[in-house]
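Taken in sequence, the protein lines are chains A and B.
Position one of the first sequence corresponds to residue 1 (this note's numbering), numbered consecutively onward.
Position one of the second sequence corresponds to residue 208 (this note's numbering), numbered consecutively onward.
Treat the hints as calculated values from the structure; they're not laboratory data.
Keep in mind that the hints are not guaranteed to be accurate.
[Claimed, not checked] Cβ-to-Cβ under 10 Å is the rule here; a few derived chain B residues that face chain A: (1) HIS232; (2) LEU387; (3) ARG409.
[Claimed, not checked] To spell it out: a stretch of chain A is covered by chain B in this simulated footprint if at least three of its residues, at any positions, have a beta carbon under 8 Å from a beta carbon of chain B; those stretches are: (4) 7-18; (5) 58-71; (6) 125-134; (7) 183-195.
Owing to the predicted nature of the structure, the values given are computational and were not obtained by experimental measurement.
Idealized CB from N, CA, C, for every residue including glycine.
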Amino acid sequence: MRPLPVGEHGLLIELDDAAEVEALHAELLRRAADGTLPPVREIVPAARTVLLDGLTDPRGLIAELAAWDIPPLTAGDRPAVEIPVRYDGPDLADVAALWDVTPNEVVRLHSATEFHVAFCGFAPGFGYLTGLPAPLHVPRRDTPRTKVPVGSVALAGPYTGVYPRSSPGGWQLIGTTDTVLWDPRREPAALLAPGTRVRFVPQETAR
Amino acid sequence: MTDRALSVVRAGALTTVQDLGRPGHAHLGVPRAGALDEPAHRLANRLVGNPESAAGLETTLTGCAVRVRTATTVAVTGAPCPVTVDGRPAPWGAPVRVPAGAVLDAGPATHGLRSHLAFAGGIVTEEVLGSRAADLLSGLGPDPLTDGAVLPLGDPHGPPATADAVPYPGPVTELLLPFLPGPRDAWFTAAGLRTLTTGRFRVSPASNRIGLRTEGPPLERARSGELPSEGMPLGALQVPPDGLPVLFLHDHPTTGGYPVIGVVPERYLAPAAQAAPGTPVRFVRAR
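Chain A extracted, bound-state conformation (with noise of 0.2 Å):
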């Protein structure tokens, strides 16, 4: 674990791995519920940190860091979300030939996956999703699309994604869901959180 500065009221915790995010993360937030950790403003998981800004003593919180004995994470303390999708996304032969499978195998492994909310960013509601090993791991595209529909299901890198709306995007597009990601009128507004587990369901195409 290596915090690293920012600025007068923030730090940035560099950690080896995903899991140490997460584990960490969850620890983060069990700490504020329980008001055991100093005011923060926010507190947000990435790919290998987790920055905690609005603090008014981050050296003070390094110190105590040291001293933290963080529990692994297992699947149960999480909550859990079904999506159901279309796998009809204009780049689902792509993916089959990058895996070296038929397309109704790239269903079948996406769909047997159990994936987890890395960190959320890009929109309001977008979560990085992993979960796929190593092999199944897709470049992006290399010339963006200038719209991707909301509802997307999209592959890059070690992510799974899901357009919360309609924006530009350099994803590998498999298929659709009706599934809403982000409405601010609803509680919470973003089915996806930091730490969510989830799984992806095949529907009937619909044609």
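Fit chain B to the given chain A structure using the hints.
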């Protein structure tokens, strides 16, 4: 349903509803948003008797004009500009009583960029995650103003606060940005770090509420490539591949993969909201 409201007569180049933003949601990818010149926003609210957190308007360069449906106390702060009520001159930086049906015009900025307008009772558009601020990165909150748009106002809170010191800001002839190095200063060479504090930078015209972009000498990197995405704080000096630092303002993305060479503490950010394109920028180490 109250009939207190304002209608937009002249929307100006870019006028948005702003309050103190929606902190605490960065982990969901939601930017802070909120008034860029926060001290000016708070002051305008105090002048009309609002809580400092009430929503008002933030203009860009060309000001805006609005017609109030019922008599309303209004204050204009931030970038100094000519203020008129139905064409008659009115004071900047002071409470102005605008009669029912009259037009308050905050003209083009004399200097600076963004004027802040507060209305007694505040603008009461729908809250999103506890804030009415327009977030131009992710589209949360109300759209930027358009001519003819109508915005509801709340009931006045009471008399304006007692006399408030209203400093008249001078033109920003040089934007001084104190920063603390890190978290990724090690991604730059010693020469690159020196360039940051000695190079001649200017505010780029491509600047907006997301970030203040700079033009100047590129900062030399010690390492190439990108970082895995990491959390980005307000005030981050992020350096994209062109080597020119971008100061992250209130609508900045919450995560990013370019290295942050330093962070400008929040209390030094308000002048950045008023620095017009072409303004010289000097980065100095904060202490």
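Going down the list of hints, with the structure as the test:
1. HIS232: Holds, about 8 Å.
2. LEU387: holds (5 Å)
3. ARG409: violated (24 Å)
4. 7-18: holds (count 5)
5. 58-71: violated (count 0)
6. 125-134: holds (count 3)
7. 183-195: The restraint on the region 183-195 of chain A holds, since 5 of its residues have a Cβ under 8 Å from chain B and three suffice.
In the structure shown, a violation is registered for the earlier hints numbered 3 and 5, in ascending order.
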